[in-house]
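Given the sequences, and given the hints that come with them, work out the whole structure.
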Amino acid sequence: MTDLKNKAAKKSGFNRRDFFRGSGAIAAATALQTQTADAFQDQSPQIISGETTITLNVNGKDHQVKAEPRTTLLEVLRYQLDLTGAKPVSSDGSSGASTIFVDGKPMTASTILALQAAGKKIETVESLGGDAVQQAFVKYDAEQCGFCTPGFVMAVRSFLNKKPNASEAEIRSGLNGNICRCGTYANIVEAAISVAKGGN
Amino acid sequence: MAEYTWPSREATAVIGKEVDRLDGMAKATGAAKYTYDVNLKNQLIAVALGCPHAHCKITKLDVSAAEKTPGVVAVHIFEHAAVGREVEWEGELLAVVAAESEAAAKAGVAAIKLEYDELPVFVDDEDLAAAEKAGRTGKGGGKTELEREPGDDDDEDEFVEKEIARLLKESKYVVEGYYGIDAITHCCLEPHGSTVEWKDGKLLAYLSTQNVSGTDEGFANDLGITSSDVEVKCDYIGGGFGSKFAPDYWGVAAAKISKETGRPIKFLLSRDQELKIAGNRPSGYINVKIGADENGVLTVWDSVHWGTAGYKGGGVSQTVMPYVIRPKNYRRIATTVATNTAQSRAWRAPNHPQACAMSQTAIDDMAAKMGANSYDVFAANLRAGNVDSQHPDAANVYLAEMERCAELIDWKANWHPHGKGKAKGSIVDGLGMALHTWGGTANNSDCRLKVSPDGSVEAFCGSQDLGTGTRTVIAQVLAETFGLGIDQVRVNIGSSKYPASGASGGSTTVGGVCESHRRAGLDALDKLFELAAKELGVDAASLEAVGGKIRVKGSDKSIAWKKACTLLGMKPLEINASYKRGDVSTLSSSGVCGVQMAHVEVDKETGVIKVKKFVAVQDQGLVINPKTCKSQIYGAMIMGIAAALYERRITDPKSGAFVNAELADYKLARLGDIGELVVDLYEPESERQRGVIGNGEPPAISPKAAIANAVANALGVRVPVVPLTPKRVLDALAKA
Ligand code: FES
Chain A
1 MTDLKNKAAK KSGFNRRDFF RGSGAIAAAT ALQTQTADAF QDQSPQIISG ETTITLNVNG
61 KDHQVKAEPR TTLLEVLRYQ LDLTGAKPVS SDGSSGASTI FVDGKPMTAS TILALQAAGK
121 KIETVESLGG DAVQQAFVKY DAEQCGFCTP GFVMAVRSFL NKKPNASEAE IRSGLNGNIC
181 RCGTYANIVE AAISVAKGGN
Chain B
1 MAEYTWPSRE ATAVIGKEVD RLDGMAKATG AAKYTYDVNL KNQLIAVALG CPHAHCKITK
61 LDVSAAEKTP GVVAVHIFEH AAVGREVEWE GELLAVVAAE SEAAAKAGVA AIKLEYDELP
121 VFVDDEDLAA AEKAGRTGKG GGKTELEREP GDDDDEDEFV EKEIARLLKE SKYVVEGYYG
181 IDAITHCCLE PHGSTVEWKD GKLLAYLSTQ NVSGTDEGFA NDLGITSSDV EVKCDYIGGG
241 FGSKFAPDYW GVAAAKISKE TGRPIKFLLS RDQELKIAGN RPSGYINVKI GADENGVLTV
301 WDSVHWGTAG YKGGGVSQTV MPYVIRPKNY RRIATTVATN TAQSRAWRAP NHPQACAMSQ
361 TAIDDMAAKM GANSYDVFAA NLRAGNVDSQ HPDAANVYLA EMERCAELID WKANWHPHGK
421 GKAKGSIVDG LGMALHTWGG TANNSDCRLK VSPDGSVEAF CGSQDLGTGT RTVIAQVLAE
481 TFGLGIDQVR VNIGSSKYPA SGASGGSTTV GGVCESHRRA GLDALDKLFE LAAKELGVDA
541 ASLEAVGGKI RVKGSDKSIA WKKACTLLGM KPLEINASYK RGDVSTLSSS GVCGVQMAHV
601 EVDKETGVIK VKKFVAVQDQ GLVINPKTCK SQIYGAMIMG IAAALYERRI TDPKSGAFVN
661 AELADYKLAR LGDIGELVVD LYEPESERQR GVIGNGEPPA ISPKAAIANA VANALGVRVP
721 VVPLTPKRVL DALAKA
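Residue numbers (the numbering used here), protein chains in the order written: chain A, 1 to 200; chain B, 1 to 736.
Keep in mind the hints are simulated off the structure, nothing from the lab. Since this is a predicted model, take the numbers as computed values, not measurements. Beta carbons are placed, not taken as given, at the ideal position from N, Cα and C, and that holds for glycine. Take these hints with a grain of salt, some might be off.
Unchecked claim - Label-pair restraints from in silico Cβ distances: (1) K162(A) with K412(B): 20 to 26 Å; (2) G130(A) with P684(B): 55 to 61 Å; (3) S228(B) with Q64(A): 41 to 47 Å; (4) D487(B) with D103(A): 58 to 64 Å; (5) D103(A) with H416(B): 34 to 40 Å; (6) Q64(A) with S452(B): 54 to 60 Å; (7) K163(A) with G141(B): 52 to 58 Å; (8) Y249(B) with G130(A): 24 to 30 Å; (9) S456(B) with G130(A): 21 to 27 Å; (10) D539(B) with A132(A): 50 to 56 Å; (11) S452(B) with G130(A): 51 to 57 Å; (12) A132(A) with E86(B): 55 to 61 Å; (13) G130(A) with E530(B): 53 to 59 Å.
To be verified - Heads up, incomplete: computed chain A residues facing chain B, CB under 7 Å, no partners named: (14) D62; (15) R70; (16) T84; (17) G85; (18) E123; (19) E126; (20) S127; (21) D141; (22) G146; (23) F147; (24) I179.
Shown next as structure tokens:
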């Protein structure tokens, strides 16, 4: 697959569809080797194919992992690092269940390629270590089956990092990127309000 | 022998208290391991090919290229996908590829060559005439109840027709209505599936299941081994809602591939497969005529309803119609419709939500026709005895709950006759209500309890915690029984190797596990009291276990729990307890009511509906944990908001494709959509005395009818079919 002429690919440095298709794709090779360049910024495209070993910084530690161009960050986290807090619910990120932080910003690990994440600071729900948001989720019972919970915890954490004193109205309008099928939203609102009030 | 009872409200220390769920932090930190999360050493990932057409005959299924795909280890073709076989719904799995990585498995699936002949498709379940024309209808049964009996010479059918016509003619008010409720899916966030390992003729299956104790047999039967060779484990399950009772053929396939490859297999459905094949709720549509007297008390009900439960037909059972409010004279007839969609599975309170949405909308339209307050019409029917409910004192409980619910939503102040509210620009508001009922008889449950000489308490039970709080409730029961703290008892559930406990469906779990654990606890306590009595030189009957001590009632003569346990000697005390469904007991009961009222705003220009406030008042006998109990109800209300306003399966009439089977398109409620929710647990002493009753189903029933009625009250126009999408609202307004 020689898609170098593909305009979209050239522009972004990546074309997700091509990666998922498999055998060879366009990637920012410099980022992979040196982990210094910003893989999300425009790069001149190069061909990477097959499995490569890359270093990912996850929860403050460097990990050598194997990734093909098509490998998602979520797969690496779950299958190679056994960090299974981020959940595979939707491959397009519409459930928010795989929410993690990349350089402090909330993103869904299911929509990021592992190669894109090299050189970034990745934080998963496992890194929070029972913080105020997690404690509030327990106290206000903002979890039933719990499958959406890690993603929601990360979404609430990120939202309150940005808006530590968020009002109830802001909380209700600002946390719509995640889905809970069991229906824990009312409890999540309460949990988030309590953290905002407690100032954590 | 101990008498199995609950302590009084005043005497409880742990039961009835808002205890945090025990696995709360494990879930919040990501430490909780679901089936999807269990990574077994050397495992392969399996991905399946789903049938792309809703009705076709397979002419070619060539997996040779898949087998050669790098990373692919095994390919398995399902029997029902053999060449020449007919597939009757989209998404049905045809073949599965197990590979070293998910991506490799997907590449393998993409390399499968499939050819098929398209066959005629029928999916339009709402269109009864089209279904009849297509030969897709069947008899769904029915029943007629009339106060008057036919004379000896009367032809029965003729008599029924005449009598119903007479009753309608003599009614002060008559309403003729059409209502409906579309099919929805279970849409579990953790898809159906398993992580399995076959080793030395034995199978270890981590299965996402509501039925830990009952699925080992399912695996064993299909694999030609005995159930003792199978261990099913499920510590956490990411949603079931009635759809996860069996290993499913894909679970068995995972086991077979593991046996064949000698490697563990992880096989969970993809998102679209989860929606397409792993559980949906039947649709229901109804034509109904009702008559009522001057107070709105129903005198007669005459209905025909239809709907689909999938390719076999089916639909909403006629037995629950008309729902809760049922006059003495009625005729109900059901027609089934077979569509090219996967067969339905039990969905929270099977049949009830649809029956409620197809019946109580008509009651509300009666109030609208009369210009009456809906509350008064519901109440008048209850007072007149027009009630069909599983609660033994239904009319009184409904009326008491209605009063409480009305207070909480401020019904009196907010009420206006249908369509007569003050508009704020294009926004109108309205109130609606609905009633429901459910059984919830405690399920079979066995448990083993171990009290050790060091004072530790540990219980084992093959039940499961769906997120309802089963673990926590069991711990509360044991802690209460022994006078210990919640952290002093250890609860083990989630393995088929533990004493068997029933499947979690139909709100039967809390009753079952409370029965078994309270019994085991009291039996153990009897033994400890005997030993302690000797030590203290008192009568065993004078003892009680409270505050970490076994003490003489009404005195300060006591022995610490730990010390009392040392009296057991070297060996732990082991007690097995067993409860069989149907055993009469004061610990559990069945039959509940429940009332919900919604206050909504509708924008007449855009058709967008917003829930302002939504109140549920729910009885469930004795409440063990009000916190998790309320969460269940909140959850049911939120699921109900989704089904009332957003959620439905959309199928393409030509191809039968389920076109919105991804989460971006399958619209569910989000956090900002729910408005203010209020839950009130109705638990007067009369309810508490009934013992424990599950509440997973009941609160999931009323939301659709309550919200649809609130919208009708706001607009003065009925939007007949839920979900009430903006387009449907605008269409109804345009037609009015
Ligand atoms: S708690 Fe089950 S999906 Fe949110």
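Going through the hints against the structure:
1. A hinted range of 20 to 26 Å for the beta carbons of K162(A) and K412(B) is inconsistent with their spacing of about 42 Å.
2. The hinted range of 55 to 61 Å is not satisfied by G130(A) and P684(B), whose Cβ atoms lie roughly 39 Å apart.
3. Distance hint check: the CB atoms of S228(B) and Q64(A) are about 43 Å apart, consistent with the given range 41 to 47 Å.
4. At about 39 Å, the beta-carbon gap between D487(B) and D103(A) misses the expected band of 58 to 64 Å.
5. The hinted range of 34 to 40 Å is not satisfied by D103(A) and H416(B), whose Cβ atoms lie roughly 54 Å apart.
6. Checking the proposed 54 to 60 Å range against Q64(A) and S452(B) shows it is violated: the Cβ atoms sit about 45 Å from each other.
7. K163(A) and G141(B) have their C-beta atoms about 57 Å apart, which keeps the hinted 52 to 58 Å range intact.
8. Between Y249(B) and G130(A) the C-beta distance comes to about 41 Å, which lies outside the given range of 24 to 30 Å.
9. Between S456(B) and G130(A) the beta carbon distance is about 25 Å. The supplied range of 21 to 27 Å therefore holds.
10. At about 52 Å, the CB distance of D539(B) to A132(A) agrees with the hint of 50 to 56 Å.
11. Our hint of 51 to 57 Å for S452(B) and G130(A) is violated, since their Cβ atoms are close to 29 Å apart.
12. A beta carbon spacing of about 57 Å between A132(A) and E86(B) agrees with the range 55 to 61 Å that was offered as a hint.
13. Distance hint check for G130(A) and E530(B): the Cβ-Cβ separation is about 43 Å, which falls outside the suggested range of 53 to 59 Å.
14. With 7 Å as the threshold, the beta carbon of D62(A) stays out of range of chain B, its nearest partner Cβ sitting at about 21 Å, so the hint is violated.
15. About 5 Å separates the beta-carbon of R70(A) from the nearest beta-carbon of chain B, less than 7 Å, and the hint is met.
16. About 4 Å separates the beta-carbon of T84(A) from the nearest beta-carbon of chain B, less than 7 Å, and the hint is met.
17. Residue-level restraint check for G85(A) holds (minimum Cβ-Cβ distance to chain B is 2 Å; threshold 7 Å).
18. For the restraint placing E123(A) at the interface with chain B, the shortest Cβ-Cβ distance is roughly 12 Å, beyond the 7 Å limit, so the hint is violated.
19. Given hint, E126(A) at the interface with chain B, holds; its Cβ is 5 Å from that chain's nearest Cβ, closer than 7 Å.
20. With 7 Å as the threshold, the beta carbon of S127(A) stays out of range of chain B, its nearest partner Cβ sitting at about 10 Å, so the hint is violated.
21. With a least beta-carbon distance of about 5 Å to chain B, the hint placing D141(A) at the interface is held under the 7 Å criterion.
22. Annotation: interface hint on G146(A) holds; nearest CB of chain B at approximately 3 Å, less than 7 Å.
23. For F147(A), the interface hint holds, since its Cβ comes within 7 Å of a Cβ in chain B; the closest pair sits about 3 Å apart.
24. This hint holds: I179(A) has a C-beta 6 Å from the nearest C-beta of chain B, less than the 7 Å allowed.
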